[in-house]
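Asks: If you want the building blocks of each chain, they are given just below.
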Amino acid sequence: MAQGIVNRVVPRSAFALGVVRSIVHGTFLISILFTSFSALGSLPVTILRPTGAMKFLPWSFYDGLQTPAAMVTFKVVLVLSLLLSTAGFLTVLSTKTSFLLVLFYQGLLRSFGHFNHDEMLAVYCLAVLAFTPCGDAFSVDSRLTKTRAERPAFAYAYPILLMQLLMAWTYFSSALIKLRVAGLKYLSPDNLPALAIFHSLDNLHDTHFKLAFWLPPVKAYLPFAVGFVLLWELLFPLAIFQRRWRWWILSFGIVFHLATLFFMNIFFPHQLAMYLIFVDWDRREYGLSVRSKNSLTAFKKA
Amino acid sequence: MIISKATNWLARHEPGERRLIVKYAVLTLAIFLPLVWSFLFVRNLYPFASWNVMVAGGDLERGRSYCMLRGETISGETVDIPAINLTNALYSRTWTMVNATIDNQSFKLKSIHPQNEELIRQFGGVENLPPGVRLTDLLQAWGDLYNKQLPAASSQRLKAIRLDMYRWESGRYSDYDKFIESWRKEL
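Chains A and B are the protein sequences, given in the same order. Using my numbering, the letters of the first sequence correspond one by one to residues 47 to 348. Using my numbering, the letters of the second sequence correspond one by one to residues 78 to 264.
Everything labelled a hint here was simulated from the structure, so no lab data went into it. The structure presented is a predicted model; accordingly, all values stated were derived computationally and were not measured. Glycine residues also receive a C-beta, built at the ideal position from the N, C-alpha and C atoms. Be careful, since some hints might not be right.
Derived, one-sided and incomplete: chain A residues facing chain B with beta-carbon distance under 8 Å [stated by the list, open to error]:
{"hint": "1", "residue": "Gly-153"}
{"hint": "2", "residue": "Tyr-170"}
{"hint": "3", "residue": "Lys-224"}
{"hint": "4", "residue": "Ala-228"}
Kindly generate the complete structure, drawing on both the sequences and the hints.
Replies: Structure (structure tokens):
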């Protein structure tokens with residue numbers, strides 16, 4: 047039965063896992079390239095509140111790191127590692143160093159602010175990729191190595207399934223927690239407008255959209271919208287197992303995250319980028335190779 | 078289609094495949110067990126997350142405070158400063174960092190930074206600290222970052238930076254900006 051499920055739902059080639067590696071590592075590479083680490087290093091260390099595992103590090107370590115020069119050095123190391131892992135060079139090592147460095151960096155950010163959930167799924171995907179053969183194809187390593195270790199398709203399919211399960215968990219558990227903690231109060235007409243307006247009042251959020259102020263006049267209809275979102279979160283696991291439902295569920299996810307941006311000034315770009323894990327890269331590769339073969343034949347005929 | 082014995086648990090496995098299955102089982106448990114724990118206790122313990130995003134919901138009756146970051150330029154203007162343009166690493170987190178700093182949360186840890194311990198001694202206890210006692214350090218850092226982005230002769234450079242706190246008393250969808258207090262730092 048397990049074989050049947052995995053067979054039907056997940057891409058199974060080294061190529062597909064290699065593409066996913068590039069997407070996950072590349073997402074962090076791009077976001078870090080555009081981040082000013084020297085500005086981050088200018089913030090006073092005395093407002094830092096190490097969270098979770100970050101508490102194991104001594105204050106003297108943070109004192110040394112939390113300077114513009116040290117943070118720029120950290121960025122260089124981080125970018126170098128992510129470049130290697132995105133390209134798939136020294137993949138066995140670089141995926142592990144990228145995972146550990148990003149894990150630390152994200153912990154540092156959460157020690158300044160709150161436990162933002164946007165990047166967490168991508169961090170778990172880094173963890174999965176660090177311990178799976180994601181450099182066997184679509185990588186510099188695979189170009190340089192003539193012979194590839196023979197592995198069962200399961201070696202490539204299961205990590206993709208695991209990452210998809212992690213994404214489903216983020217939404218499914220989110221819905222359950224809302225129902226557990228807030229109960230039916232979560233569906234009250236004032237829930238969404240009050241929350242959205244609160245997130246639209248200051249200038250400390252990253253965007254300053256004011257659409258939230260349109261919500262109070264239509265608040266009677268909003269419990270249906272909130273209920274629909276809860277239902278979508280609960281049904282998200284179907285995106286893994288039902289190919290027919292997948293694109294509806296993912297498309298609604300894109301609309302949902304854009305709505306939170308425009309109405310609440312809250313956006314989850316890393317989480318959205320991880321939707322690409324659901325693309326059947328085997329089929330894309332097959333389509334591309336057929337197309338290039340056809341064009342080559344046409345070219346030869348011409 | 079995957080044709081693999083590894084996905085058929087009833088089949089006999091080669092030692093290499095068996096190792097792979099064990100490895101993937103350990104990986105799955107290492108990630109999911111702490112996540113399930115976080116879920117059950119609704120607790121975020123980095124790096125393990127409980128997806129309790131927006132759980133509290135919006136309660137109209139509950140008042141809420143919020144802040145505006147503003148600068149006073151050399152030319153005498155008051156300008157709004159989007160903090161994301163100064164420290165973009167803190168994407169999605171700036172407002173909670175400011176709230177935590179106002180609440181002196183870095184003084185309420187089990188292990189406190191030595192400079193903060195010293196400040197507690199000076200004030201004679203955490204309870205005697207004024208709200209946002211480290212806010213001026215943060216404002217100084219932001220003010221310096223803002224001025225660095227401008228030419229030295231620019232009249233748009235800041236001579237002071239401040240954080241204004243307002244309160245939406247709530248209960249109704251109006252009166253969003255009752256002024257509470259302000260923290261100011263000369264640069």
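Asks: The structure should be examined with respect to each hint, and the outcome stated for every one.
Replies: Now the hints, each set against the structure:
no.	hint	in the structure
1	Gly-153	holds, 5 Å
2	Tyr-170	holds, 6 Å
3	Lys-224	holds, 6 Å
4	Ala-228	holds, 5 Å
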